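Q: Same order as they appear, the protein sequences are chains A and Y.
All the letters of the first sequence, read from the start, carry residue numbers 2 to 424 under the numbering used here.
All the letters of the second sequence, read from the start, carry residue numbers 2 to 424 under the numbering used here.
In case anyone wonders, no lab produced these hints; they're calculated from the structure.
You may find that some hints are simply not true.
With a Cα cut of at most 16 angstroms, we get these calculated EDC-like pairs of lysine to aspartate or glutamate [said to hold, decoys possible]:
no. : chain 1 : residue 1 : chain 2 : residue 2
1   : A       : K397      : A       : D366
2   : A       : K187      : A       : D103
3   : A       : K380      : A       : D405
4   : Y       : K322      : Y       : D421
5   : A       : K352      : A       : D366
6   : A       : K80       : Y       : E328
7   : A       : K322      : Y       : D85
8   : Y       : K397      : Y       : D421
9   : Y       : K80       : A       : E328
10  : Y       : K322      : A       : D405
11  : A       : K322      : A       : E340
12  : Y       : K352      : Y       : D166
Quick partial rundown of chain A residues pointing at chain Y, CB under 10 angstroms, derived from the structure [what the hints assert, rightly or not]:
no. : residue
13  : A84
14  : P91
15  : K397
16  : T417
Quick look at which bits of chain Y chain A covers, simulated, 3 or more residues with Cβ under 8 angstroms [as the list claims (entries may be wrong)]:
no. : stretch
17  : 319-325
18  : 387-399
Keep in mind the model is a prediction, meaning the values are calculated, not measured.
Think of the CB as a built atom: it goes at the ideal place given N, C-alpha and C, for glycine as much as any other residue.
Number of protein chains: 2
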Amino acid sequence: MSTGSSTSTQGGSHIRLTSHPGQGAGGAPVIHWGAADPKERGPLIGTTTNRSQRNVIGTHSGSYGVYRALAVAAGNLTKGHRADLTNTAPTERIGPYPQWADPGKIVSIDPWGASVAEVFADELAQGMDIRPTIAVTQAHIHLPEVRQALAFQRLSVDGKFLLEDGSAAVTKIAVEPVWWLPGVAKRFGVSEAVLRKTLFEETGGMYPELVTRGDLEVFLPPIGGQTLYVFGQVQDLADPGVTLTARVHDECNGSDVFGSDICTCRPYLTHAIEECIKGAQAGGVGLIAYSRKEGRALGEVTKFLVYNARKRQVGGDSADKYFLRTECVAGVQDMRFQELMPDVLHWLGVKKIHRLVSMSNDKFDAITGSGIEVGERIKIPDELVPADARVEIEAKIAAGYFTDGSVPDATQLAATKGRDLVE
Amino acid sequence: MSTGSSTSTQGGSHIRLTSHPGQGAGGAPVIHWGAADPKERGPLIGTTTNRSQRNVIGTHSGSYGVYRALAVAAGNLTKGHRADLTNTAPTERIGPYPQWADPGKIVSIDPWGASVAEVFADELAQGMDIRPTIAVTQAHIHLPEVRQALAFQRLSVDGKFLLEDGSAAVTKIAVEPVWWLPGVAKRFGVSEAVLRKTLFEETGGMYPELVTRGDLEVFLPPIGGQTLYVFGQVQDLADPGVTLTARVHDECNGSDVFGSDICTCRPYLTHAIEECIKGAQAGGVGLIAYSRKEGRALGEVTKFLVYNARKRQVGGDSADKYFLRTECVAGVQDMRFQELMPDVLHWLGVKKIHRLVSMSNDKFDAITGSGIEVGERIKIPDELVPADARVEIEAKIAAGYFTDGSVPDATQLAATKGRDLVE
Numbered sequence: 002m003s004t005g006s007s008t009s010t011q012g013g014s015h016i017r018l019t020s021h022p023g024q025g026a027g028g029a030p031v032i033h034w035g036a037a038d039p040k041e042r043g044p045l046i047g048t049t050t051n052r053s054q055r056n057v058i059g060t061h062s063g064s065y066g067v068y069r070a071l072a073v074a075a076g077n078l079t080k081g082h083r084a085d086l087t088n089t090a091p092t093e094r095i096g097p098y099p100q101w102a103d104p105g106k107i108v109s110i111d112p113w114g115a116s117v118a119e120v121f122a123d124e125l126a127q128g129m130d131i132r133p134t135i136a137v138t139q140a141h142i143h144l145p146e147v148r149q150a151l152a153f154q155r156l157s158v159d160g161k162f163l164l165e166d167g168s169a170a171v172t173k174i175a176v177e178p179v180w181w182l183p184g185v186a187k188r189f190g191v192s193e194a195v196l197r198k199t200l201f202e203e204t205g206g207m208y209p210e211l212v213t214r215g216d217l218e219v220f221l222p223p224i225g226g227q228t229l230y231v232f233g234q235v236q237d238l239a240d241p242g243v244t245l246t247a248r249v250h251d252e253c254n255g256s257d258v259f260g261s262d263i264c265t266c267r268p269y270l271t272h273a274i275e276e277c278i279k280g281a282q283a284g285g286v287g288l289i290a291y292s293r294k295e296g297r298a299l300g301e302v303t304k305f306l307v308y309n310a311r312k313r314q315v316g317g318d319s320a321d322k323y324f325l326r327t328e329c330v331a332g333v334q335d336m337r338f339q340e341l342m343p344d345v346l347h348w349l350g351v352k353k354i355h356r357l358v359s360m361s362n363d364k365f366d367a368i369t370g371s372g373i374e375v376g377e378r379i380k381i382p383d384e385l386v387p388a389d390a391r392v393e394i395e396a397k398i399a400a401g402y403f404t405d406g407s408v409p410d411a412t413q414l415a416a417t418k419g420r421d422l423v424e
Numbered sequence: 002m003s004t005g006s007s008t009s010t011q012g013g014s015h016i017r018l019t020s021h022p023g024q025g026a027g028g029a030p031v032i033h034w035g036a037a038d039p040k041e042r043g044p045l046i047g048t049t050t051n052r053s054q055r056n057v058i059g060t061h062s063g064s065y066g067v068y069r070a071l072a073v074a075a076g077n078l079t080k081g082h083r084a085d086l087t088n089t090a091p092t093e094r095i096g097p098y099p100q101w102a103d104p105g106k107i108v109s110i111d112p113w114g115a116s117v118a119e120v121f122a123d124e125l126a127q128g129m130d131i132r133p134t135i136a137v138t139q140a141h142i143h144l145p146e147v148r149q150a151l152a153f154q155r156l157s158v159d160g161k162f163l164l165e166d167g168s169a170a171v172t173k174i175a176v177e178p179v180w181w182l183p184g185v186a187k188r189f190g191v192s193e194a195v196l197r198k199t200l201f202e203e204t205g206g207m208y209p210e211l212v213t214r215g216d217l218e219v220f221l222p223p224i225g226g227q228t229l230y231v232f233g234q235v236q237d238l239a240d241p242g243v244t245l246t247a248r249v250h251d252e253c254n255g256s257d258v259f260g261s262d263i264c265t266c267r268p269y270l271t272h273a274i275e276e277c278i279k280g281a282q283a284g285g286v287g288l289i290a291y292s293r294k295e296g297r298a299l300g301e302v303t304k305f306l307v308y309n310a311r312k313r314q315v316g317g318d319s320a321d322k323y324f325l326r327t328e329c330v331a332g333v334q335d336m337r338f339q340e341l342m343p344d345v346l347h348w349l350g351v352k353k354i355h356r357l358v359s360m361s362n363d364k365f366d367a368i369t370g371s372g373i374e375v376g377e378r379i380k381i382p383d384e385l386v387p388a389d390a391r392v393e394i395e396a397k398i399a400a401g402y403f404t405d406g407s408v409p410d411a412t413q414l415a416a417t418k419g420r421d422l423v424e
């Protein structure tokens, strides 16, 4: 296989193609995923400028790597720019925790991703192009729903977690995906070979190294990552004696930003933030883990096609047909793969979630299945379910979502209807 | 070059690698980008199951193609699933407009992407795997800021655009990126060969076909797309006689969803929505074009690293150093490339934006440079600029952002300070 040919059919200049086994392997640090000592684990190097250093497939910044390439092509970004990491270090120290040294617990993020400038200082000084895949900072966040909770006296200002101006003080953490392919394969119960082959073929041939470079075990996929918002002390997340209120939320731009009334996403998210603030004020800690998985990771085009199919079907948009319509268009009901979601909880050292603000059985099963205890499950208050979202919530409850009420039967599901399209 | 070798180093089964020039070219429809007749333009086929039909590089759903691959690997999605497009057609007819037939006006989306089921019905019946890249639906959106505007009587219910329950009726449109590489190269003033080579190299070797298949001119990049929200009649967007209020907004999850006070993103967005509703009520039409370009398309990890560097620098977070810190970490001040942004406006037939709710000179220049007239520019009201965002807005005004006030000088910039980190 010669994907690394150095000739080109485009332009006249030399093109460095996909790397080969053996090529430059001498200079690239070896990765021992799950090693407790970061030096033994080794740095991840996804540089695009020094092939001999590369020890991963793909490159940094998730899908924004494509924009970085565009910036180089357009002449805005100097090829080979190295980030000046001065003053960028995390505002909070997180870990290391024992979970970091368990290659079964964390397979889709790099536990050392926030601290590369510290733990790989020597390698950076030697000129290796090592980049943070996690960044930790602080923020004040203002949500109109929190101000409303203040006005209705459901929340009160304490000056530390919730400030006089209605803003909440948080630590926030951005996390880039880093997939250790043997571990990801195991998580899904398939062979690594099948995973690699399918990732390659079903993306239309992205990264031939997935199939040609079995020696490269780490893949930086061009997908969105996660953002974590912590209310209270970050270190308390690892202490099962401190009450943890948490929501794992999957992106829904149409509701999270624009407030579409067809689903419960933003109302449930802002309810969870309110619960997190209350929890921190009561001596606990709160966590929102926000994943970029728009439309159940089907993307928004598919999502909107499904909305139309739901609303136009014979009999209208009813809860009993909710999942069917997604499956007709997308082939699956959901592609979010909660199997990888708990990784970030293990990175934070979480052992117990006392109050899980989610009704999703997929999320619950993934969290508990990964060895994290879950106490109470907090459902969205009925009065927060928007007009057109009743179809979704009833369908999900019938399919196994947590409820403390009754599970709707077939007749009730057929009778729960959404708004028609007006064309 | 033999990237299409059929042998494998992984597993025992046959792996279909990247296609070659000549391979299967007989069966794949030819694309004539910019042809007025969709039949002459030809369908775009990014199928992962029938190589002989493929006439693009990459595959559908942007970065969610990786999740689709995961779904096949995990056995959740049947390989080769074909979408059932029954009842998914757009709720509004858009175009065709003369701009669709101008290959200089639209290079990064497929103007026929919403109507494939109609215009390529014959090809679909013949078994070609043609997928929509645009979906058009309707929604009611509820924003707390709109309810507040109602409470303060800045807005009033009309029963059509703004409803009794405080929700706004919109048409919303999801758009997937589709890059015609010759046109994208021209837009950035580089040769197509350089663009292809750089996209390949600087993504760490994504899609060798970028350099091996000069005959494939269309690339479906694994990046986020756009969502359009229209207030009023979609068809009015193409009529320069109808007053158009518009904002082109780039994603900022930290503000748009969580209300971080370090920037003006959500306040400016919700102000624009208020202006769009007012505009529709006054007989005009409103448009929000929301692009998935988190953190100036640098991604959120880089963004948070920059926040830390800004707040820890000697002298604190001051407006005169605002751009410098981003450049130190990322190598550029911005990677959003407004050059491609106007495409979606041309797709909607827009010839004039009467009221542009944006102060960005990059956006203004890109829109007017593409031949769209801009009337008034609407700045964010001072009272909506959050506490910690003064640094950003002053730095941007000094750098050329639109203002109807005075441009700060060096002394004023140095004196405009943000909050310190509390560590």
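Q: Compare the structure with the hints numbered earlier in the document and write down the numbers of the violated ones, lowest to highest.
A: Result: hints 8, 10, 11, 12, 15, 16 and 17 break, sorted rising.
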